[in-house]
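Novice: Please put together the full structure from these sequences, using the hints given.
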Amino acid sequence: MGISKIVMGLDDKPMWASIERGAMELQKCGECGAFRYPPAPVCPHDLSADAEWTPVSGKGTILSWVVFHKQYFEDHVPPYNSVAIELEEGPIVVSQLRGDEPEGSWIGQRVELIYAEHAGRTQHFARWLKPEAA
Amino acid sequence: MTRTPSAYIVGAYELPERFYPDKSLAQLQAEAALGALADAGLTIDEVDGFFCGPDAPGTGPLSIADYLNLNLRHFDTTNTSGSSYTVHVAHAAEAIAAGKCDVALITLAGRPRAEGRAKGALARTDNPQQPDFQWEQPYGLAVLNVYAMVAARHMYAFGTTAEQLAWVKVAASHHAQHNPQALLRDLVTVEDVVNSPLVCDPLHRLDCCVVTDGGGALIVTRPEIAKSLKRPLVGLIGSAETTQGQNGGYMDITTSGSARTGPRALAEAGVAIGDIKYASLYDSFTITVLMQLEDLGFCAKGEGGAFVSDGGLISGSGKLAVNTDGGGLCNNHPSNRGGMTKVIEAVRQLRGEAHPAVQVPGCDLALVNAIGGQLAVRHAPATLILERFA
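If you're matching them up, the sequences are chains D and Y in order. Read in our numbering, the first sequence has 382 at position 133, and its numbers run on one by one without any break. Read in our numbering, the second sequence has 784 at position 218, and its numbers run on one by one without any break.
Note that these hints are calculated values from the structure, not bench results. Since the structure is predicted, the reported quantities are computational estimates derived from the model, not experimental observations. A hint or two may mislead.
Coverage of chain Y stretches by chain D, computed from C-beta distances (three or more under 8 Å per stretch; other residues unrestricted) [claimed, not checked]: (1) 698-706; (2) 756-768; (3) 780-792.
EDC-like, lysine to aspartate or glutamate: derived pairs with alpha carbons at most 20 Å apart [stated by the list, open to error]: (4) D:LYS254 - Y:ASP698; (5) D:LYS319 - Y:ASP767; (6) D:LYS262 - Y:ASP698; (7) Y:LYS796 - Y:ASP698; (8) D:LYS277 - Y:ASP698; (9) D:LYS254 - D:GLU269; (10) D:LYS319 - Y:ASP758; (11) Y:LYS885 - Y:GLU729.
Even glycine gets a Cβ: it sits at the ideal position worked out from N, Cα and C.
Specialist: Have a look at this one:
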């Protein structure tokens with residue numbers, strides 16, 4: 250079955266180092282200002298290679314979500330969720346909601362990224378920002 | 567006024583079994599090829615163009631070309647996952663029009679069940695260095711995750727329900743009951759689908775396609791040869807392909823690239839979506855069919871749920887006959903790549919050779935659409951418009 254893996258290409262190292270520090274950084278295009286995800290050597294919108302690793306707020310809105318009921322990895326025991334989050338900075342990232350869960354559909358709920366150990370590495374997870382706290 | 571085809575599909579063959587524990591992959595490739603050639607009334611010696619995907623063992627076309635002793639002038643191993651073979655039909659027609667080959671053979675075969683690697687139901691084994699895989703890899707995601715995410719978003723945005731998605735499977739089962747080779751031949755109801763175990767909420771087990779061994783092959787040739795064969799003439803009059811991905815994190819997950827390939831293929835063919843009598847739509851999951859119906863223009867965006875409800879896709883009684891062989895949901899999804907069987911059933915319909923219970927009367931215009939890869943994060947849609955000529 251195996252353990253889920255992170256993707257660690259040459260372009261990804263600064264992002265994972267920032268996740269290790271507990272404050273994710275993404276590349277911000279020096280040409281158009283757009284944040285991009287996943288990491289890439291050029292901006293997908295203008296192909297500019299000019300970019301600066303910039304911290305993101307970690308806050309965003311759930312775009313979609315699923316709950317797995319079947320086990321595919323040793324380190325993810327069902328039921329477990331994955332959520333697609335549209336960050337305030339723009340890009341859509343995938344994470345996993347931990348802690349309190351919204352009633353009904355999670356789409357449109359505000360979340361913020363938190364950082365925790367998982368399978369021997371640090372990665373981000375999402376924490377629900379209840380409406381009164383959002 | 568439709569376009570005059572530059573090439574015709576004259577041979578189509580689907581391997582009969584769905585589990586091949588005792589036949590090698592090379593043998594399955596060969597049996598598929600010989601079946602399609604026999605269907606066309608051509609011999610292996612006449613093949614001068616070869617199109618295959620990475621399911622063919624060895625490097626590109628080399629091993630199977632050697633194994634079949636092909637004398638090639640042209641080959642193409644474009645790999646867009648499940649849509650590869652749909653793409654290959656268009657590429658074969660282009661090569662024929664350019665004079666690069668006369669008789670093109672397209673093959674697919676695989677034995678994931680026999681080899682115990684049913685990828686659709688297991689963790690992905692693709693290269694984790696693939697940069698766009700940041701999406702899936704660290705969070706326990708498998709192939710169906712992104713399809714379930716699309717379904718969840720579609721439900722949120724358009725009010726689509728699990729019961730509506732279930733109708734896609736119900737229609738497939740209505741067709742599969744008439745296909746003696748189908749893996750799943752039992753009729754199922756909406757209740758059966760929504761009461762089947764959740765695999766990845768909101769998708770249930772019966773929202774997912776089957777995993778099968780097997781395959782098939784196609785023969786595409788130039789008009790002069792096609793007209794000499796005394797087989798029904800199925801011509802390619804329009805085609806389009808594209809890719810769609812994450813766009814740096816800014817993708818629209820409820821619109822597929824079929825929204826671009828469909829209109830382009832129809833415009834090239836000179837026909838309207840309402841003229842289509844039969845459609846083969848890649849049914850990796852029920853949501854995939856719903857998305858294609860909307861993106862191709864069979865209905866407006868967000869109205870796919872209503873379109874498929876109450877048997878909308880059942881041949882004879884529904885709005886549009888779709889996947890009359892039972893599709894990937896019930897019949898066959900060989901090697902986890904559905905683009906080949908989609909073309910084969912469209913050819914059967916246009917020839918009038920589908921099962922009588924599901925044959926569309928006077929079927930002279932068909933659309934094939936395949937989504938290779940995965941919705942939302944990386945996919946290659948390919949659309950074909952096929953016409954029956956007298």
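Novice: The structure should be examined with respect to each hint, and the outcome stated for every one.
Specialist: Hints and how they fare:
no. : hint                : result
1   : 698-706             : holds (count 9)
2   : 756-768             : holds (count 6)
3   : 780-792             : violated (count 0)
4   : D:LYS254 - Y:ASP698 : holds (13 Å)
5   : D:LYS319 - Y:ASP767 : holds (10 Å)
6   : D:LYS262 - Y:ASP698 : holds (14 Å)
7   : Y:LYS796 - Y:ASP698 : violated (48 Å)
8   : D:LYS277 - Y:ASP698 : holds (17 Å)
9   : D:LYS254 - D:GLU269 : holds (15 Å)
10  : D:LYS319 - Y:ASP758 : holds (19 Å)
11  : Y:LYS885 - Y:GLU729 : holds (18 Å)
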